[in-house]
Structure formats: structure tokens, C-alpha cells
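If you want the building blocks of each chain, they are given just below.
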Amino acid sequence: MTDLTKLTLKAAIDGLKARDFSSEEITKAFVANIDAANPTLNAYVTQTTDKALEMARASDAKLAKGEGGALEGAPLGIKDLFCTDGVQTTAGSNMLRGFVPPYESTVTANLWADGAVMLGKLNMDEFAMGSSNETSAFGSVVNPWKSKTSNADLTPGGSSGGSASAVAGDLCLAATASDTGGSIRQPAAFTGTVGIKPTYGRASRFGMVAFASSLDQAGPITKTVEDAAILLRSMCSFDVKDSTSLNVETPDWTQSLGKGVKGLRIGVPKEYVVDGMPAEIQKLWDQGVEWLKAAGAEIVEISLPHTKYALPAYYIVAPAEASSNLARYDGMRFGHRAEGTTSLTDLYETSRAEGFGKEVQRRLTIGAYVLSAGFYDAYYVRALKVRRRIAEDFDNVWGKVDAILTPSTPSAAFAIGDRQIDPLQMYLNDIFTVTANLAGLPGISVPAGLDAGGLPLGLQVIGKALDEATVFQVADVLEQSAGFTARPEKWW
Amino acid sequence: MAIDAATVRKVAHLARIKTSEDRLEPLAAELNGILSWIEQLNEVDVDGVEPMTSNVAQPLRLRDDVVTDGAKVDAVLSNAPKSADGFYVVPKVVE
Numbered sequence: 004m005t006d007l008t009k010l011t012l013k014a015a016i017d018g019l020k021a022r023d024f025s026s027e028e029i030t031k032a033f034v035a036n037i038d039a040a041n042p043t044l045n046a047y048v049t050q051t052t053d054k055a056l057e058m059a060r061a062s063d064a065k066l067a068k069g070e071g072g073a074l075e076g077a078p079l080g081i082k083d084l085f086c087t088d089g090v091q092t093t094a095g096s097n098m099l100r101g102f103v104p105p106y107e108s109t110v111t112a113n114l115w116a117d118g119a120v121m122l123g124k125l126n127m128d129e130f131a132m133g134s135s136n137e138t139s140a141f142g143s144v145v146n147p148w149k150s151k152t153s154n155a156d157l158t159p160g161g162s163s164g165g166s167a168s169a170v171a172g173d174l175c176l177a178a179t180a181s182d183t184g185g186s187i188r189q190p191a192a193f194t195g196t197v198g199i200k201p202t203y204g205r206a207s208r209f210g211m212v213a214f215a216s217s218l219d220q221a222g223p224i225t226k227t228v229e230d231a232a233i234l235l236r237s238m239c240s241f242d243v244k245d246s247t248s249l250n251v252e253t254p255d256w257t258q259s260l261g262k263g264v265k266g267l268r269i270g271v272p273k274e275y276v277v278d279g280m281p282a283e284i285q286k287l288w289d290q291g292v293e294w295l296k297a298a299g300a301e302i303v304e305i306s307l308p309h310t311k312y313a314l315p316a317y318y319i320v321a322p323a324e325a326s327s328n329l330a331r332y333d334g335m336r337f338g339h340r341a342e343g344t345t346s347l348t349d350l351y352e353t354s355r356a357e358g359f360g361k362e363v364q365r366r367l368t369i370g371a372y373v374l375s376a377g378f379y380d381a382y383y384v385r386a387l388k389v390r391r392r393i394a395e396d397f398d399n400v401w402g403k404v405d406a407i408l409t410p411s412t413p414s415a416a417f418a419i420g421d422r423q424i425d426p427l428q429m430y431l432n433d434i435f436t437v438t439a440n441l442a443g444l445p446g447i448s449v450p451a452g453l454d455a456g457g458l459p460l461g462l463q464v465i466g467k468a469l470d471e472a473t474v475f476q477v478a479d480v481l482e483q484s485a486g487f488t489a490r491p492e493k494w495w
Numbered sequence: 347m348a349i350d351a352a353t354v355r356k357v358a359h360l361a362r363i364k365t366s367e368d369r370l371e372p373l374a375a376e377l378n379g380i381l382s383w384i385e386q387l388n389e390v391d392v393d394g395v396e397p398m399t400s401n402v403a404q405p406l407r408l409r410d411d412v413v414t415d416g417a418k419v420d421a422v423l424s425n426a427p428k429s430a431d432g433f434y435v436v437p438k439v440v441e
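Those sequence lines, one after another, are chains A and B. For the first sequence, the working numbering assigns the number 4 to the initial residue and increments by one for each residue that follows. For the second sequence, the working numbering assigns the number 347 to the initial residue and increments by one for each residue that follows.
Honestly, I wouldn't trust all of these hints.
Claimed, not checked - Capping the alpha-carbon separation at 30 Å, the derived lysine-lysine pairs in DSBU-like fashion look like this:
(1) A:LYS388 - A:LYS31
(2) A:LYS361 - A:LYS296
(3) A:LYS403 - A:LYS493
(4) A:LYS286 - A:LYS262
(5) A:LYS467 - A:LYS265
(6) B:LYS418 - A:LYS361
(7) B:LYS356 - A:LYS54
(8) A:LYS388 - B:LYS356
(9) A:LYS262 - A:LYS244
(10) B:LYS364 - A:LYS361
(11) B:LYS364 - B:LYS428
(12) B:LYS418 - A:LYS244
(13) A:LYS311 - A:LYS388
(14) A:LYS13 - A:LYS296
(15) B:LYS438 - A:LYS244
(16) A:LYS265 - A:LYS286
(17) A:LYS244 - A:LYS311
(18) B:LYS438 - B:LYS364
(19) A:LYS54 - B:LYS428
(20) A:LYS262 - A:LYS149
(21) A:LYS244 - A:LYS388
(22) B:LYS428 - A:LYS361
(23) A:LYS149 - A:LYS31
(24) A:LYS467 - A:LYS244
Stated by the list, open to error - Far from chain B, by Cβ distances over 12 Å, these chain A residues were calculated:
(25) GLU28
(26) LYS68
(27) ALA116
(28) GLU395
(29) LYS403
(30) GLY486
Source of the hints: derived by calculation from the structure; they are not laboratory data. Glycine residues also receive a C-beta, built at the ideal position from the N, C-alpha and C atoms.
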């Protein structure tokens, strides 16, 4: 019998519907993989095996009657910042260790309504603040990929490192993730998987543990572009519980696949050539341009002049919003409360010092600083103005191009521990992805090649707001052209 | 605008994060590194630019002014560090 855990989401859904195998069978196969791999890869913080089997049997009963939703019986992994009713949700933090939400996030509720099965909750950087999954209170996640030139454990990227590692390592069919500055697309690029951040407002933020609310957006990490189209559709919905949710139709994005790019105009922004970028990244980008050209697209050189200011603007806006959002963790109503403190202020300060890790503390301190009296205008308001300049850069090119092609990341996956010395080095991971968050645009990372060490590299497609259809159309052509079939060799 | 240990102490207090004295200098160095990198935003001409607080160009929706939720005391208190008789238990804050 074929290994069910190697199926794409699409193939699994079809196989379940055709009753080639049951949801219980494929769920058990994934549970066995997780049991074997998790001590090494550390992708799951919490396994919900009993619940998974219960959900699988319920799906099998529906499938037997020819019923069921778009994801009926498909076992998924859930990033541990989506609140799941009755199942611990930690956001990778000691602050929320033991926190059991009495409610369900809208995104996961949508998945269960479509029949998906939950295998467990996936590891992540603490409060999604990180690009390597090393800030998690539950330990680093390990990338299933290894370089040919070294045996070192590599990071799967972050913050959705558990999601990326689990999908690449066949520990779920697909996973939910979230992206504030690149947290879906960078880990997807590091693990040879597909990750899309939709237009801001497509997916509800209700029940997602907040990091930076004007930037946070949910999306899937999957094995193929088609799988991403399927899972994203289930995740998105208009939701009255999220004030920034867009009241728009969620299209069937699988309709965009196979259309080709003939006649589409693809922008190549000259500002995305950055100092110190490895030649391999430039080569992959050039290759992507050639593929699209060969498929009939028109390549247009464009300028997005404020690109270099996106990361510094992000590192004001995101910490500022985080310092406001994370004020809720005061040790009073939920989360960690310190013992043996001497005053109310001491209780707040000690609970937060004990509950938050180093990177979260660093960002909350930056946030408090840029919002403090005397610095608010110089830092925070200025960053918001620069943010508008960055968004205007995109507005100015949409008349000339239909989508934009860039690399996903400035490097392949790096070794755990490699970039911990200097926080700035870590922040540079998001250099190509963060602009889409600031401007609220959809962006996808597609695996497109391997570096000299045999590690995956990704290309990113950025589209107009609410035009995921074109993003999927271009991503599909990149996927077909790249013919990316490499898989990590199982060593765990 | 270099940050010194005294500024870090003040900002850490604003953020309500207890920070030991020996952490102040290293934190000041880290924050200075990050903020000097951020200083490049001063190169951008932002005259007359409206600050961008949201990607969503829609007015906030209003909902009907009716009760839609509530009476879930047990659920609300289920993650409280301490609770009793349907209330949160917190340290004494007034003498």
C-alpha cells in the first residue's frame, strides 16, 4: 500500500472521497509519523491524537454516506496561535503554558466545518516573534532538510517553523500558519513547501493570538500550489468578530490553476537586489524570470523606491502594536502569575519577566520606547508615514504590472544557533517578505530550486489586494516550470 | 538619541518587565544597535504624508446594540490563576 502520509492534500481528499482509504487510516499513519519524528523534529507542541481519531471516525461516517465538506477527513496541523476550544494554546510562550481556550478561532472553526481532522498544535516562535523558531519556549524546531555539506541541524525558519517542518516531514497533509512579516513565506522557502499570506482582511483574526494586529494574517503551508488554493479557501471568510475582516466573496482559487501566464505583465523590482545576496538567489530569480517569459508573460522592470525602508519601519510598527497587544498579559485573568511578589506593580513586572522570553521582552521594550512621550512622533508616526510610502510604491506600479516576482528569502535555511548573536542579522530574513505585510498585499512562496548544498530556495509572487487569483496563476506556472520534486531524505 | 541604562530602566518599567540592574547595559547596547539602524527612516521625505494605520480602507462596522454573548462565568474564569465564587482573586491593591 502507498504511504498515505506522502499524499498531497488534494490527492488525500480525492482518495477519501473515493473511499480508497479511510480518514482513520490516514490519521493513524500521521500519528505514527509524529510519534516517531517529534522527539527529533519537535514540530508539535501538543498532539491531540484521541481527538484526531474521534474526528476521523466522524468523517468516515459522513464519507460513507457520500456526505462531507471540502476537507472531509483530511488530517491537518494547527499553528499554536490559533485558539482551539479545549486544547492548550500557547503561542510558543511560557506565558500561556497551560492556557486552554474556552472558544475556537474562526479560521480553525472554518476548517472543522469543512471536515478537517486536527492532529495537534504546531510549534512556533514565541508570540510569532522570530525567523528561526528558536525563540519558542518549547524548544527549537528542526528542519527535515539537511545540507549535503554539513550534518548540522537547520532551522525551518519562523515564526511558523513547526508548520513548515511538519508539512515537509510528512507529519500532516498541510498546516495553518500566520504571517506578520514573512512568517509563512520564509519557513515555506526554507522547507521546500508552498506558503501563502492572503490579502489583509481575507482571513479572520478572531481567536488568533495577536502579535501586530495591522499586519497579522493567517494562511496555509502546503506541499503544492493547488493544496494552498484549497486550504486557503477553507480558512478565509467574512467574520463580524474581526473589525478588519473584509466582506468579500472567497473565490475558488483552484480555478486559477492551469491558466498559464500568457499576456500577464510581471514586475521585477530592481530594489530587491540587496548587498551580500548569494549568487544562487540571483540565479534562481533570473531563472524564474526566464520561466515566466517562456510561458508567454511580459517582464517589466519596475521600481519600488522605498523598499529598503520597509524592515526598519516594520521594526517600529510591529513592536509598537505588540507592546499594546501584549499588555493583556498582566497575570490577572489568564496566563502566568508570579508568586511571592511585594506589590501590584512588582506582580505585573515579575510575571511578565518570568513569562516572556528574551526576544519578546526586547520587542516589547522597543515598542514601549517608540510609543513613549517625546519619541512617539519621531519614531512611531514617522514609521507609519513611511509605511504609506511603501504602500504607494505598489499602487504606482499596478497600472504597469499584474504581479511581482522576487526571491522569497535572502538565503537558504541556516543552522540552529547561527544567527542568535545579533538580532539585526535575524531581522534581515524578512527583507523580501515584509513589504507585502506593510501594504496588506497577498504573497506566496513557491519552491523553485536547490542551492549548492541541496537546500530548497523559494520564489515569491506578490499580487494586488484581493487578487490572489493572479498570484495563484503565476505560482502555478513557476511550480510547473521548476518541476520541484526534491524531498528531504529521512534521517530522523 | 543614544539610550543609556537609565532610559532602559524607565522603558522596561513602562513595558512592565522586571529587568535586573546587570541587564540594563547589555540591553541598552542592543537597543542602540536596533535604533541606529532604524534612524535611516529619517532619510525619507514624509512631508504631507498621512500616517498609515490600517490596510483596510473601510469604516469600522457598527453592529446592532443588542446582547449577543455572556453568562459564561465558568468559561471566562477557566484560565484564571486564582478565582473564587465567580470572581477573579487578585492581590490587595489598596491599603
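Going through the hints against the structure:
| no. | hint | result |
| --- | --- | --- |
| 1 | A:LYS388 - A:LYS31 | violated (52 Å) |
| 2 | A:LYS361 - A:LYS296 | violated (46 Å) |
| 3 | A:LYS403 - A:LYS493 | violated (45 Å) |
| 4 | A:LYS286 - A:LYS262 | holds (26 Å) |
| 5 | A:LYS467 - A:LYS265 | holds (18 Å) |
| 6 | B:LYS418 - A:LYS361 | violated (35 Å) |
| 7 | B:LYS356 - A:LYS54 | violated (47 Å) |
| 8 | A:LYS388 - B:LYS356 | holds (27 Å) |
| 9 | A:LYS262 - A:LYS244 | violated (36 Å) |
| 10 | B:LYS364 - A:LYS361 | holds (12 Å) |
| 11 | B:LYS364 - B:LYS428 | holds (22 Å) |
| 12 | B:LYS418 - A:LYS244 | holds (18 Å) |
| 13 | A:LYS311 - A:LYS388 | holds (15 Å) |
| 14 | A:LYS13 - A:LYS296 | holds (29 Å) |
| 15 | B:LYS438 - A:LYS244 | violated (35 Å) |
| 16 | A:LYS265 - A:LYS286 | holds (23 Å) |
| 17 | A:LYS244 - A:LYS311 | violated (35 Å) |
| 18 | B:LYS438 - B:LYS364 | holds (20 Å) |
| 19 | A:LYS54 - B:LYS428 | holds (29 Å) |
| 20 | A:LYS262 - A:LYS149 | violated (35 Å) |
| 21 | A:LYS244 - A:LYS388 | holds (29 Å) |
| 22 | B:LYS428 - A:LYS361 | holds (27 Å) |
| 23 | A:LYS149 - A:LYS31 | holds (27 Å) |
| 24 | A:LYS467 - A:LYS244 | holds (25 Å) |
| 25 | GLU28 | holds (35 Å) |
| 26 | LYS68 | holds (34 Å) |
| 27 | ALA116 | holds (20 Å) |
| 28 | GLU395 | violated (9 Å) |
| 29 | LYS403 | holds (22 Å) |
| 30 | GLY486 | holds (35 Å) |
Checked against the numbered hints given earlier, the structure breaks hints 1, 2, 3, 6, 7, 9, 15, 17, 20 and 28 and satisfies all the rest.
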